[in-house]
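Listed in order, the protein sequences are those of chains A and B. Position 79 of the first sequence, counted from 1, bears residue number 79 in the working numbering, the numbering being contiguous throughout. Throughout, the working numbering is defined as the position within the second sequence, counted from one, plus 299.
To be clear, the hints were calculated from the coordinates, so they are not data collected in a lab. Remember, it's a predicted structure, so these values are computed and weren't measured experimentally. Be careful, since some hints might not be right.
Residues of chain A placed beyond 12 Å of chain B at every Cβ, according to the derived structure [unchecked claim]: (1) Ile20; (2) Leu47; (3) Ser50; (4) Thr91; (5) Gln109; (6) Ile128; (7) Leu153; (8) Pro215; (9) Leu239; (10) Pro242; (11) Thr253; (12) Ile258; (13) Leu277; (14) Lys292.
Which chain B residues face chain A? A few, computed with CB under 8 Å, are given here [said to hold, decoys possible]: (15) Arg612; (16) Lys633; (17) Lys803.
Derived lysine-lysine pairs resembling PhoX-like cross-links, with alpha carbons at most 20 Å apart [stated by the list, open to error]: (18) A/Lys45 with B/Lys702; (19) B/Lys835 with A/Lys148; (20) B/Lys803 with A/Lys148; (21) A/Lys40 with B/Lys803; (22) B/Lys349 with A/Lys56; (23) B/Lys835 with B/Lys803.
Beta carbons are placed, not taken as given, at the ideal position from N, Cα and C, and that holds for glycine.
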Amino acid sequence: MLKKGFKRQLPLHLMLLPGIVLVFIYCYIPMVGGIMAFQKFIPSKGLFHSKWVGLKNFEYLFSMPDFYQVLWNTVFIAILKIIFGLIVPITIAILLNEVGKSVVKRWVQTLIYLPHFLSWVILGGVLIDILSPSYGLLNQFLGIFSIKPIFFLGDNQWFPFTIVLSDVWKEFGFSTIVYLAALTAVNPSLYEAAVIDGANRWKQTWNITIPGILPIIVLMTTLSLGNVLNAGFDQVFNLYSPLVYESGDILDTLIYRIGLIDGQYGVATALGLFKSLISFALVSISYWLAYKIADYRIF
Amino acid sequence: MKGKQSLSFILSTLLLTSVILSGCGADKNVKSEGASEAKQQETTINPLGKYDPPIDVTAAKFITQDVKYPDGQSEENNAWESLYKEMGINLKYDWIVKGTDAQYFQKLNVTIASGDIPDLMMVNSTQLKQLVEADMLEDITDAYNQYATPEVKSIFEKDKMALQSATFDNKLYAIPKTEPMIGGQTPVLWVRTDWLKKLNLPEPKTWEDVLNTMKAFTTQDPDGNSKQDTFGVALSKEVVNGYPSVNGFFNAYGAYPRIWTKDSSGNLIYGSIQPEVKTALAQLADMYKTGELDKEFGVKDGSKVAESLVNDRVGLLFGPSWAVQWPLQDNKKKNNEAEWRALPIPSIDGGDASVQMPFGASFYFVVKKGITHPEIVIKLANLFTEKLYGQSADYLKYGVDAKGITTAKYSFVDLAAPDKDLKRSQNVAEALKNTDPSKLNPEEKSTYDKIISFQKEGDLNFYGETYQSGPEGAMMVLQKLWDGDKIVSEGYGGAPTETMGEKKATLDKMETEIFTKIIYGAASIDTFDKFVEDWKNLGGEQITKEVNEWNASQK
Numbered sequence: 001m002l003k004k005g006f007k008r009q010l011p012l013h014l015m016l017l018p019g020i021v022l023v024f025i026y027c028y029i030p031m032v033g034g035i036m037a038f039q040k041f042i043p044s045k046g047l048f049h050s051k052w053v054g055l056k057n058f059e060y061l062f063s064m065p066d067f068y069q070v071l072w073n074t075v076f077i078a079i080l081k082i083i084f085g086l087i088v089p090i091t092i093a094i095l096l097n098e099v100g101k102s103v104v105k106r107w108v109q110t111l112i113y114l115p116h117f118l119s120w121v122i123l124g125g126v127l128i129d130i131l132s133p134s135y136g137l138l139n140q141f142l143g144i145f146s147i148k149p150i151f152f153l154g155d156n157q158w159f160p161f162t163i164v165l166s167d168v169w170k171e172f173g174f175s176t177i178v179y180l181a182a183l184t185a186v187n188p189s190l191y192e193a194a195v196i197d198g199a200n201r202w203k204q205t206w207n208i209t210i211p212g213i214l215p216i217i218v219l220m221t222t223l224s225l226g227n228v229l230n231a232g233f234d235q236v237f238n239l240y241s242p243l244v245y246e247s248g249d250i251l252d253t254l255i256y257r258i259g260l261i262d263g264q265y266g267v268a269t270a271l272g273l274f275k276s277l278i279s280f281a282l283v284s285i286s287y288w289l290a291y292k293i294a295d296y297r298i299f
Numbered sequence: 300m301k302g303k304q305s306l307s308f309i310l311s312t313l314l315l316t317s318v319i320l321s322g323c324g325a326d327k328n329v330k331s332e333g334a335s336e337a338k339q340q341e342t343t344i345n346p347l348g349k350y351d352p353p354i355d356v357t358a359a360k361f362i363t364q365d366v367k368y369p370d371g372q373s374e375e376n377n378a379w380e381s382l383y384k385e386m387g388i389n390l391k392y393d394w395i396v397k398g399t400d401a402q403y404f405q406k407l408n409v410t411i412a413s414g415d416i417p418d419l420m421m422v423n424s425t426q427l428k429q430l431v432e433a434d435m436l437e438d439i440t441d442a443y444n445q446y447a448t449p450e451v452k453s454i455f456e457k458d459k460m461a462l463q464s465a466t467f468d469n470k471l472y473a474i475p476k477t478e479p480m481i482g483g484q485t486p487v488l489w490v491r492t493d494w495l496k497k498l499n500l501p502e503p504k505t506w507e508d509v510l511n512t513m514k515a516f517t518t519q520d521p522d523g524n525s526k527q528d529t530f531g532v533a534l535s536k537e538v539v540n541g542y543p544s545v546n547g548f549f550n551a552y553g554a555y556p557r558i559w560t561k562d563s564s565g566n567l568i569y570g571s572i573q574p575e576v577k578t579a580l581a582q583l584a585d586m587y588k589t590g591e592l593d594k595e596f597g598v599k600d601g602s603k604v605a606e607s608l609v610n611d612r613v614g615l616l617f618g619p620s621w622a623v624q625w626p627l628q629d630n631k632k633k634n635n636e637a638e639w640r641a642l643p644i645p646s647i648d649g650g651d652a653s654v655q656m657p658f659g660a661s662f663y664f665v666v667k668k669g670i671t672h673p674e675i676v677i678k679l680a681n682l683f684t685e686k687l688y689g690q691s692a693d694y695l696k697y698g699v700d701a702k703g704i705t706t707a708k709y710s711f712v713d714l715a716a717p718d719k720d721l722k723r724s725q726n727v728a729e730a731l732k733n734t735d736p737s738k739l740n741p742e743e744k745s746t747y748d749k750i751i752s753f754q755k756e757g758d759l760n761f762y763g764e765t766y767q768s769g770p771e772g773a774m775m776v777l778q779k780l781w782d783g784d785k786i787v788s789e790g791y792g793g794a795p796t797e798t799m800g801e802k803k804a805t806l807d808k809m810e811t812e813i814f815t816k817i818i819y820g821a822a823s824i825d826t827f828d829k830f831v832e833d834w835k836n837l838g839g840e841q842i843t844k845e846v847n848e849w850n851a852s853q854k
């Protein structure tokens, strides 16, 4: 019986195989490199002959003068990104869902989706121009309301918010599509019943739409919590400058400098491992919370 | 079922182990044979002689992205590869990286980590040190003394630090890839002379003049559009060592950021923490307040600053000799009135300032320990100088061909005298004066032709070449400084020391951050004193100690 079932599913299992192999090769095998975190890694000596140094790399890391500032910057930027990255797309998705004309809906959807395809290298150059305090579009616009020019990319008070808002602007179109897809799954008869009961648009949204897509919201939140220590390397790297190191230097840019510029593979790996452990803990907690609060299991 | 599986596992493991073991055994045999053969060879020494019978050498090859091939030639089949075959050298490439040097060195790190390195390769200073410490490289001291031609030796006579940096415990382990740094990285003062004329300003001869020029270029509307939209001097977010950077500006004050210079007692001191830097920073902070610096320089990289230069917004730049090729030439193309000239940077104490030059060799050619013909790397260097500048030279074939394609880039080993570019300028100037290019070598002839075509036909594609290497060019300015002993070169030529490896990036970041903040006025000028203290405490003192230990070991 079991054998027969297996035979029937064999093609499916085979189709799964390439994916599993890729994940194994690119996600599991490199984990072996994690032992570098406990070594003074020297490439010519390799992974198995470099000197073991125990927790020295971690001690070095936590004694770095910048470390706590950098950690704080990372968490601050990442949490803001998670919050806005949830609220904005959900709002837009619900609003779009209310738009009757499908032409308008599709146009808006495409337009807000477009920035997702641009790389930060390109957007970095564009944003420096748009946000320039002397000739940038945005500051000229603010000038109309006699607001003094703001140095968005050079001012430590503004920089984290500039990062968060530009990231949300780039990515919200993509997430909106996910929520729009979830919205189509809500049973229309629920709305009909609500109309008969005399519920207005607002009530329908609150009592049907949001509970309807709650599982997806929980899923997306849970997944994004793993990113609390990921503030977006390619974005920050292309937008930051010595002026805003204080508020914009994040763990990934630190890893980049330690690992790729200094060639201190051990310390950089230790930092990477530290990041992974925290993220793992956060994902586990959020999974547990999702189960407890929303009674939702992802796996 | 289960039994069979474990059996096959054991079998395959056994097989794998035996392969590995046999591999080790074979390797040893080859090595001992090689050593004895090398001893026999030593009797006949001919620096440019061919190998008969031909020898096989494995190598790793790096090709930069800008390398092009004439019709009918390719990576495997070109002037240099054919020459090597003629000489009985069969270079076999284990792998080739075509791209950036970062990609090449990354790949090489992997190869080194695997322990199976090729016979011949180019490494960087960190890898050189690692390989020497891991005892994976051949000592080529004797080979160098016996085989190097006078031409090759003369290059290293002129750039003594280069060989020193490849010497460990009095043993030479590599041929440094020396580069003509004087034209590459040494700053001069570039000025828009058409703006000077327009505003009736003298050519800046003293530092006072330079400061006045910067002020006038900011406030007196040199571009004539009745808007105050110009700056005194170009600066990018990489204030130190960037392009453009403050290096030349600092040099005027006798400050030498990011390099190690010798003090009066011969010890090496770090340039960025000297009191002269503070004075220069204070001046820059003042200039920022008065609007002589771009308010946004802190977020602009080199290409963004280039936009300002091309669009007539800046008339002064501290930059290398090639700045006129990029981006200043584009400014000339866009606005034909623009005229850029190179001047020596005046010192605040009068006269010309001494300017800083980074270390001339960052890459090294090495051979693996135990190979049969360790002198191969020296022979390749001999061939390079011989075929380009020696008696049997054929520059059109091995240097730059008639269509302007640099065939010299196919050579495995390359090196240049530090003053190569200066000499070329001198010879070209001489030839222009006598209108007689017959004595020029083909490289110089090509510069000569370009200058002629700018002068006669006004071809703006050669505006840069003319004012870099021509009689009025930056090279002439640098020649004057070179002759007057006004070049301060990097005093540390070793591989990164242990503490440098650990702390340098952190210290460099702190330096750039503090300097930028001081210029922006976000930190007071006295923050500099705290920076010096912090620099010392966070590893700088230890680095200074290590650098001076190296310095002492070189004497």
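Structure-based check of all given hints:
no., hint, verdict
1, Ile20, "holds (20 Å)"
2, Leu47, "violated (7 Å)"
3, Ser50, "violated (10 Å)"
4, Thr91, "holds (32 Å)"
5, Gln109, "holds (33 Å)"
6, Ile128, "violated (6 Å)"
7, Leu153, "violated (5 Å)"
8, Pro215, "holds (42 Å)"
9, Leu239, "violated (8 Å)"
10, Pro242, "violated (4 Å)"
11, Thr253, "violated (10 Å)"
12, Ile258, "violated (7 Å)"
13, Leu277, "holds (23 Å)"
14, Lys292, "holds (42 Å)"
15, Arg612, "violated (11 Å)"
16, Lys633, "violated (18 Å)"
17, Lys803, "holds (6 Å)"
18, A/Lys45 with B/Lys702, "violated (46 Å)"
19, B/Lys835 with A/Lys148, "violated (41 Å)"
20, B/Lys803 with A/Lys148, "violated (39 Å)"
21, A/Lys40 with B/Lys803, "holds (17 Å)"
22, B/Lys349 with A/Lys56, "violated (53 Å)"
23, B/Lys835 with B/Lys803, "holds (12 Å)"
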